[in-house]
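Trainee: The chain contents come next:
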Amino acid sequence: MQDHHIKLPEGGIEKHTNILNLGPTHPATHGVFQNIIELDGERIISAESTVGYIHRAFEKIAERRPLYQITPLTDRLNYCSAPINNIGWHLTCEKLLGIKTPKRVDYLRVIIMELARITDHLICNSIMGVDAGAYTGFLYLMQYRELAYEIYEEVCGSRLTTNIGRIGGFERNFSNTAFTKLEKFLNEYPKALDEFNTMLTRNRIFMERTMGVGGISAEKALNYGFTGPNLRAAGVDYDVRKISPYSSYEDFDFYIPVGTTGDCYDRFLVRDQEMKQSLEIIRQAYRKIQEFKGAEAEVYHAEVPEYYLPPKEDVYTKMEALIWHFKIIMGEVDMPKGEVYHSVEGANGELGFYLISDGGRTPYRLHFRRPCFIYYQAYEELVKNHLIADAIMVMSSLNLIAGEMDA
Amino acid sequence: MALTNEIVKQKLTEKFGDSVTNFEEPFGMLTFEAPKEMNLKVLQFLYDDETLGFRFLTDLTAVHYPDNPGRELAVVYHLHNLRENFRVRFKIFTSIENPDVFTATKLFAAANWMERETYDFYGVNFIGHPNLKRILNVDEMDYHPMRKEYPLEDRQRTDKDDEMFGRGEIFPNQA
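So the protein lines, in turn, are chains G and H. In this text, residue positions in the first sequence follow our numbering: the first is 2, and each later residue adds one. In this text, residue positions in the second sequence follow our numbering: the first is 5, and each later residue adds one.
Incorrect hints may have been included.
Chain H regions said to be covered by chain G (calculated; three or more residues, Cβ under 8 angstroms) [to be verified]:
(1) 11-22
(2) 41-50
(3) 76-87
(4) 100-108
Sample of chain G residues facing chain H (criterion: CB under 8 angstroms; computed from the structure) [what the hints assert, rightly or not]:
(5) L23
(6) V52
(7) R65
(8) R366
To be clear, the hints were calculated from the coordinates, so they are not data collected in a lab. Values in this document were obtained by computation on a predicted structure and should not be read as measured data. Cβ coordinates follow ideal geometry from the N, Cα and C atoms, glycine included.
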């Protein structure tokens, strides 16, 4: 019988590593960014991340735009939860302008922000399933994101990049249809989420793929500037909603889920529990909104004529309203001087807005603290000595959104 | 003992004397300034001190003030004490001809990319940074685009001048 083994001279095989380009348009990166990975067989020796493929210079553009024209820019940061960005930006403006919003507005905002958090976590968790080989859960949960998007549509008219709300509140009151759709979502989504969890949470394959993969200690995570679910998975209960409440989050009863090891599985579980907490917050907010009676039940914005667009009927019929409409749209209202940092708990972590105004009509400087950009730099360390398949899991469990990274 | 702006201010003055200056409290957040050679000493003190404990770097960015000769670039650190939930803002100013600032990467791993971003957009040269190269812009770019001398739009346009935005002439040399 013939010997099929290749016979090479002594010392003929040189050990060498392979370089693999993961991205920028790899289907598993779920966004436009690149990882150059050095491989020894299937094991990752080192990695280098390159970002900036969809950099759109938002901070520069914002220096020439009045406040309202910046809201659509914030949509495009974390586009999976655009309403949080919009409302976070409006809250920053309100802080600078000294506007106090009525309670009902705060609660309506909380409903929208928590819906956005759910849609964001829903995508992240189901995409983790996809990357582990379970496509069904993703398509199944996507139907329920649709229900949430229909609520946005009812409130502001758009779905993905919402541009929702105004400085001081919302563009219109929530219609009865919006509340009906909210009830439908609250009734149907928890069941679907349970079904989804039955498929993944105790699934042997999923657990083996995620447990002990991409873990990070609490100290390291803090040093790397982690925030949001990724930090909480490492065991630090830091949540902007609790620690410095905005938009009346102090009125709600909810807890912060934390993990222990900070690995992919913990991140999955933390996001899952957060969705349940968000549903609980929405229920509480909805109950509180139903308690408003009389004129209070119709309030959907603060009285700030300098920044809140007048009703359309008045714009067509009254001179004063037409002037204000024009001034606000063209941004011809001077801002007070000031330096503000305001942060909200975005779906990925602390989303901060650092706004410097020199008294002009546009910001002198606006900086977005994008959580994704800051924690992505830990990726090189997280995947070291893991297999290449694990690198994909780590990427999807961190919920990297290219739009937020590149601003 | 809960931290207050007064305690932080007092601690800093005790340690650094007159070097730490310009205490302000815009919207309640304590803001102060130090000479740029001392940025690491101040950050280290804020990090190590038992009562202060500012161990979380929330944000690092720069601002360009073209009208401040010798102090054109400000590097702004937002620090957070998570245990007490207390934030401070720390600024250093540097001239644009010699924008050398010590890196904070040894103290905060998070500073790595934030400093790269600041370098990319403002040209602040972080001394000791392990990998100071452009991050969001292309490597071939030979200027720092967030500086105020680079206007956003085509300068030939006459229909949209800065007076429309309530600022008058801010680039008089380039009219």
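Trainee: Are the hints correct? Go through all of them and say.
Mentor: Results of checking the hints against the structure:
{"no.": "1", "hint": "11-22", "result": "violated (count 0)"}
{"no.": "2", "hint": "41-50", "result": "violated (count 0)"}
{"no.": "3", "hint": "76-87", "result": "holds (count 3)"}
{"no.": "4", "hint": "100-108", "result": "violated (count 0)"}
{"no.": "5", "hint": "L23", "result": "violated, 18 angstroms"}
{"no.": "6", "hint": "V52", "result": "holds, 7 angstroms"}
{"no.": "7", "hint": "R65", "result": "holds, 5 angstroms"}
{"no.": "8", "hint": "R366", "result": "holds, 5 angstroms"}
The earlier numbered hints that this structure contradicts are 1, 2, 4, 5.
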